[in-house]
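J.: What follows is each chain in one-letter form.
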Amino acid sequence: MLAHAILSGLVFGCYFTLVGLGLNLIFGVMRIVNLAHGDVVMLGAFAAFWLFALIGLHPLISSLIVLAIFALLGLPVYYLVVPRLLAARDSEMLSIILFFGVQQIIEAIATIAFGTSERSIPGRVLGSGPLHLLGQALPVAWVVSAAVSLLAVALVYLYLYRSRVGTLTRAVMVNRDEALASGIDVHRVSALAFGIGVALAGLAGVFSPFMLGSATPAMGGDVNLAAFAVIVIGSLGDPRGTMLGGLIYGVALMLMQTYMSAWANLLPNLLLIAVLLVRPTGLLGRQVRRA
Amino acid sequence: MATELLRADDLSSGYGKVRVLWGTGLAVEAAETVVLLGANGAGKTTLLKVLIGLLPAWSGRIEFGHEDITRLRPDQRVRRRMAYMSELGVFPGLTIEENLRIGGQFVPPAQLRARMAELFETFPALAGKRHALASSLSGGQRKMLGIAKALAADPLLLVMDEPSAGLSPLFVAEVIAVLRRFRGTGLALLIAEQNVAFLDLADRVYTLDGGRIGFSGTVAALHQEDALHRAYFGLG
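Chains as they are written, first to last, in this note's numbering: chain A, 1 to 291; chain B, 292 to 527.
Just so you know, the hints here were simulated from the structure itself, not pulled from any lab data.
Just so it is clear, the structure is predicted and the values come from calculations on it, not from any experiment.
Do not take every clue at face value.
What the hints assert, rightly or not - Derived CB-CB ranges, DEER-like: (1) B:Arg472 <-> A:Asn269: 55 to 63 Å; (2) B:Phe397 <-> A:His4: 48 to 56 Å; (3) B:Gln367 <-> A:Arg164: 16 to 24 Å; (4) A:Ile69 <-> B:Phe397: 26 to 34 Å; (5) B:Val487 <-> A:Asp177: 23 to 31 Å.
To be verified - Heads up, incomplete: computed chain B residues facing chain A, CB under 8 Å, no partners named: (6) Ile343; (7) Leu346; (8) Phe382; (9) Pro383; (10) Arg392.
What the hints assert, rightly or not - Only part of the chain A face toward chain B is listed, based on derived beta-carbon distances under 7 Å: (11) Ser182; (12) Gly183; (13) Asp185.
A virtual CB, placed ideally from N, CA and C, is assigned to each residue, including glycine.
Modelling step: build the complete structure from the supplied sequences, incorporating the hints.
T.: Right under this line is the structure:
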């Protein structure tokens with residue numbers, strides 16, 4: 001039972017890394033808190049659901065469409081909202097208030113449009129039967145979702161650590177003022193990061209029916225809590241820490257669900273409180289900001 | 292005949308409602324070293340930030356290579372080969388090589404590789420640590436990296452904000468020695484400083500006091516007119 005909990009926890013950890021990465025990328029680059037992150041995940045879930053329900057589109061194909069459309073939608077949203085936020089005296093606090101409002105609007109519109117029923121996509125769409133990994137049987141849908149998550153996370157890390165624009169992005173993460181002084185087009189770099197962050201949230205949404213069981217317009221709050229727990233455990237604003245945070249969160253969640261299932265829903269809150277009390281900088285937090 | 296590279300006329304700017312610059316102007320010619328001397332709070336950093344585009348000019352005009360750049364963004368000015376080295380000067384959380392690549396972001400790749408090889412020759416202490424984080428360097432080495440990063444842009448003009456800040460006299464002498472090596476290479480320097488040791492490098496000097504230019508001329512004239520004392524102690 002322990003081995004199964006740990007292995008499935010690692011699989012879920014890959015997925016939760018994807019859930020947290022977009023939020024952390026946006027916070028790291030822009031120092032704004034996108035409280036609507038969970039609702040973007042929800043929109044991704046409904047996009048995948050309707051594409052499957054209406055035209056029978058496979059979620060793997062939906063994921064490519066969602067990635068492209070959400071990234072493209074993120075760009076105008078960035079230019080409409082973020083530069084004004086960043087010009088404000090306390091952009092972090094203002095962003096919390098603004099995106100809280102956006103979250104409420106998205107949730108209200110989604111409730112009116114989709115109703116309050118739970119929507120799901122059958123797991124067999126991603127493959128039937130259990131998959132045996134290290135002697136443990138896991139649903140194929142979990143493994144496929146985790147594999148796609150891992151691929152997306154790897155591509156983001158390649159972008160950040162192996163590309164020219166990625167280096168510029170990390171420079172903005174380290175010090176926005178110095179980035180401006182060095183001639184980096186900070187808004188272009190930030191808009192790209194915002195688009196990628198929104199696209200990652202949408203992608204996480206596509207696989208949420210398989211990993212979280214179903215999608216509802218009200219799921220954004222819970223997803224946000226999980227995403228915040230993941231990035232606070234790793235290190236707020238440091239994308240490398242998100243993987244560590246995701247894996248710890250996934251394993252802890254599965255251990256709780258296996259041995260203390262009644263308490264499992266409290267896990268994000270418990271982890272957030274524990275990390276903030278013991279190591280507020282996160283496990284990878286350092287005095288010098290490193291991106 | 293010398294070519295005028297940078298010209299700023301009648302600049303005013305500040306922060307919020309607080310005006311710091313009052314009709315300030317200066318000029319730098321190609322390959323010339325100009326020192327902008329002033330005490331703390333004289334407005335040196337504000338003036339440099341307006342020149343590089345980090346702060347908007349409330350009024351006045353800035354020309355670089357006879358082109359009006361007053362409303363251009365900082366990245367557009369750097370593209371025109373006007374580099375800026377702030378007091379921090381580097382990204383501590385990135386490696387030395389990454390810092391140089393950011394400095395040379397607008398230089399074509401092949402040219403940048405050659406440029407970086409040159410810079411590692413000029414700054415041998417950095418060459419062996421190219422994959423180390425800038426945060427692992429000493430204060431003096433960070434300053435050298437800051438200079439190298441700005442030079443990676445292959446600038447026509449390098450604008451420097453207090454390169455001596457936080458350095459011991461020994462490292463200040465080292466920074467001056469390094470900058471002296473670039474005299475005669477076609478690079479123009481505009482150095483904002485309160486350390487008079489940098490006057491050794493200067494072709495011309497401006498003094499800044501209360502956001503206004505007090506003196507403009509050669510180092511010899513500066514000493515003759517006793518403008519140095521006025522800039523620092525408000526005498527006369």
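J.: Can you list which hints this structure breaks, lowest number first?
T.: 7
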